[in-house]
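If you want the building blocks of each chain, they are given just below.
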Amino acid sequence: MQDSAHFMSAFLPGHEVREVQNKLEAFRLFAYVDQKLKFPADRPSLPEMVRLAEALPPFQRIFALEGVAHFYTSTAATETPMIHLLADPELPDNAMVPLHSGMGTTLASAALARLGDSPSPADLRKALEDFFELCHDNSREGWYINSIEAMGLAVRTLYPHLRMQVSEEMGEIDEAAQPLFWHGVGRALYFVPMNFITFGGSHERALRAAFEEAPTLEDRHNTVAGLAWALTLVNIQHPIILETFLHMCRGTGLSAALSNGVVSALMVWRHMVPEGQEILAPYLSSSTKVASPALWNDVVAMPAAHAFAEIFPALTRPYEIGQPTIANLFEYQDMRVSQA
Amino acid sequence: MSKGISKTFREAEIGGAISRLVYDLTSPPLPPGEERTRAVAKFRAAREGTLAIVQNLSQEQADFSPRAGVWSIGQNVEHLLLTEQLYRIQMQNMIELARQGGRHNIALTFEEIDNSIALIPRDVIPKLTLPLNMLNMIVPRVVRVALIRTPFVPALNPTASSPKRGQPIAALRARAVASLNTTEEIFRGELPAGLMDVTLSHPIFGVNNIAHILGILAAHEDRHHWQIKSVVANPLFPPDALKSLFQLAEEKSLADNSTGTKGR
Chain A
2 MQDSAHFMSA FLPGHEVREV QNKLEAFRLF AYVDQKLKFP ADRPSLPEMV
52 RLAEALPPFQ RIFALEGVAH FYTSTAATET PMIHLLADPE LPDNAMVPLH
102 SGMGTTLASA ALARLGDSPS PADLRKALED FFELCHDNSR EGWYINSIEA
152 MGLAVRTLYP HLRMQVSEEM GEIDEAAQPL FWHGVGRALY FVPMNFITFG
202 GSHERALRAA FEEAPTLEDR HNTVAGLAWA LTLVNIQHPI ILETFLHMCR
252 GTGLSAALSN GVVSALMVWR HMVPEGQEIL APYLSSSTKV ASPALWNDVV
302 AMPAAHAFAE IFPALTRPYE IGQPTIANLF EYQDMRVSQA
Chain B
916 MSKGISKTFR EAEIGGAISR LVYDLTSPPL PPGEERTRAV AKFRAAREGT
966 LAIVQNLSQE QADFSPRAGV WSIGQNVEHL LLTEQLYRIQ MQNMIELARQ
1016 GGRHNIALTF EEIDNSIALI PRDVIPKLTL PLNMLNMIVP RVVRVALIRT
1066 PFVPALNPTA SSPKRGQPIA ALRARAVASL NTTEEIFRGE LPAGLMDVTL
1116 SHPIFGVNNI AHILGILAAH EDRHHWQIKS VVANPLFPPD ALKSLFQLAE
1166 EKSLADNSTG TKGR
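Chains as they are written, first to last, in this note's numbering: chain A, 2 to 341; chain B, 916 to 1179.
Next up, chain B with everything else stripped away, as it sits in the complex (with noise of 0.2 Å):
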């Protein structure tokens, strides 16, 4: 594999995500049902991706932190969890609201979901409601989606999805996929009429109908991957099954690419 074709195709990649970001702004907005099966598509993605990576782990590597104050993989998905569980709660409010009709807005304020951007302490954040949700109404959504799911723009998490250390990964692993379920399960049956009219602001996330929630939370499944991704990569890494998971789909990846197999 030369270095001038691997950069070739981290071009294309990123080519890739912009174009992704220009369709989607660009793109006529989506009708109600389709909205939401892509949005719950997106998430059951995300999450299978997060059940690929705790697949093969062994407890000591589920628990490795590269250094204090960086959680290690373990954590991560305790997070992931957590966040599900506490959104899977407002969503279900928010199906509530519709049954009784007409619009409705659910406004979280930081007192009840007190997330952040990091390097501005929590105590402070609230004063920033105003600009944060001025700010909101211009930036598109889009946008906001592919700030949360690039690590591009640091965030603190809120209280309520703080992770313990050490939770046995063979637990987290059948929580993983209890909890998707438990989400879709809200999906499966009929849903009310005006479903998309209820929405649930928040000063950080702006706001959202029942679908872009999902797509929040699936964004914020992708920006933790990178997360792992680079407790993976720590040289202090317990060795073995998690790091050559990854190695090995990487070369698969570029391998399938340079060589060109094919199914003629």
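Isolated chain A (complex conformation) (with noise of 0.2 Å):
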């Protein structure tokens, strides 16, 4: 895969090549991590899988860790249910994006094969609330919002013409996840075959799905976010990527959400990654070569600041009941109550 994205590095400009290049390494290490990571042929622990993950460098962790959560549930024994999976304390703290991401991923996507084409609503209805009951079950406290947020990725990814079906059930089950819905559709139209390869506007045609498939604007906030969510985190060593998306945002009157789904990102980044702080000086530094200074400080230098200044120390306090955690910045947040 990466031979093919060098092959097309004659025929795309350069930052071009470097995006399919990071997407396909996303994707190779999230789905053949057994091979990167040369599982034994008897199946290593949970714990064991996430310290081989942890040894690789940065950028390739994180994928490698959301990988491994996707390896171990699908192939997990179905005879005993599985329960209190990423409860294990064993788990190191700063791998539960990756592992809940990749653990929801599974799940979702196991509950809709299960479905068929077209599901009746009673068939889906129990499907989601199964979906829901081995989240609950398997996540440790605080982090069950960001594998249900998987939901929407799977959906989005997989079955898009049952994209409004499982919104509409999922709010009737619990009105809070819908949004968390939304979000995961955002971070699919980053992955999704239309959009993958990164020429013909493709920054652009996944935007425009973002706004145009979102019911409302709530949901419209979520899919941007999660889009630019997903630009970020990929992009994340090469921030002139980000800048020429946002340059192309401009005007959109969208900054609200961009920023939200930027700032989350570089912020789950840090608590993915406590020791690649360097990486993100870019983002914190007002120099740009694409994006106007101007929009560069308003969407993603100045909220940056303030997020990590007023919001990332909340966030990552010693978990107690009711408190947020890095989890619920799978969500959008409206700027002005989070600056507040």
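Keep in mind that the hints were calculated from the coordinates and are not lab data. It is possible that some hints are incorrect.
Stretch by stretch, here's where chain B covers chain A in the computed footprint (C-beta under 8 Å, at least three residues) [to be verified]: (1) 112-122; (2) 184-198; (3) 319-327.
For glycine and all other residues, C-beta sits at the position ideal for the given N, C-alpha and C.
From these two lone chains plus the hints, build me the complex, please.
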């Protein structure tokens, strides 16, 4: 895959090739983590798999950890129901975001795979209730919403025709889950086949889909934030890609959602890779190459500086019931509220 | 509903099909129990799709054929039931072999199930057994199943599943329900531990375990839904019930996607 990205470099501008390579690398680490980490034939425990992934360089680590949860959950024996999977205290706190995302994606995909293309409302509701229960039973305290957000990612990627039906059912089961669902839809829009290859206006297509597919303003904020989140995290080593995306977004009136997605992704990175802070420096600086300094300052640099000073410490305190965690970043928050 | 939005949804559906293919290709192998559970569920979902199609069908609609050589909806359904019966016997044989223990393969030949690829005469296809077997070793199963599901590669049915014309639609409906129950029944009891080690091979479908066979049956049923849709889309198709059902379903789906009715 990386070879084909190199081949494409003859036809695409530098940063577009870089973006394809970043996407392929993220996908490869997620889908083929067993090969990357050379899992032995007798399946290792989850903490052991996590230890192997944590030895990778930071950028590879976060996607490999998501792949570990996907691999482990996919191959878990179904005869014994999974319980307290990610509550295991042996699992490090900074692996929680990718582990909950990977587990949520796999549980959501499995629930949808059992339904077929046109499920009845009753079957869909039962599948979603089971999904909620499994996520609840296997998430660490305070991280449940991180895993259910992945339903949006799975539906928009694998069964896009079901997205309204699933959104409605999720809303009826738990109204608070609906914004998370649309955030997941937004993340999916960055990876779906029509937008995967970064030429022919893939950023515009993804943004237009985020705008058109979301049925309400709140959902639109979440899809746009989810899209910006995915783009930021996958390309975190190459801020020029985010600059190009933001330059394309100017004048759309979506700066609050874009800013939320970008800044949330930066905070998640800091949580996952505490030692990798130098990568964040360009995002806190007003120096830009493509986007106007004013746009970059408004959407990225200033909100990020504020978030790291005021919001991040509150989200990373030792968990107490009812207290927000990093998982709460998986939902769009009005910046005026979060800056207050 | 603007054409632009409709095109976007079509693109999303194609993207979904590609993503499912990629996901199936790259996912780690499922545990045996889960593989069987999902296969049974997929087959049930496909059959429920068939039942939804024939639910309000009149006999005239069930017997309508757009032109000579094209099956009516009734013939499509009858063919699905005969195919299910054909492979249900094989699945029961696989369970029986698993009870005896050890690894087994039931090798079906073109003499036993003489399906073919359209344009290749039936008496020629057995000569292609070797190259087809080799091809099956190279082409991943999910790709083969995708080819069965979509009508891009035309196929010929085995003689044993050739349907008769003019079957009473009420009887077909009842048989479709009963047949599904019979197939599901064989998976309800206690299954032998080594069941997934028993395989069934065929030059066109490759080597498959019992869950794969069910997956192939589900894909085959989906494929016939496409065929049925093309019969319904014919301008001479007898009006009302079924056609309006399809239209209503499609209109509802498009309307839901564009207006965003929500449970808030």
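Give me the numbers of the hints this structure contradicts, sorted from smallest to largest. 3
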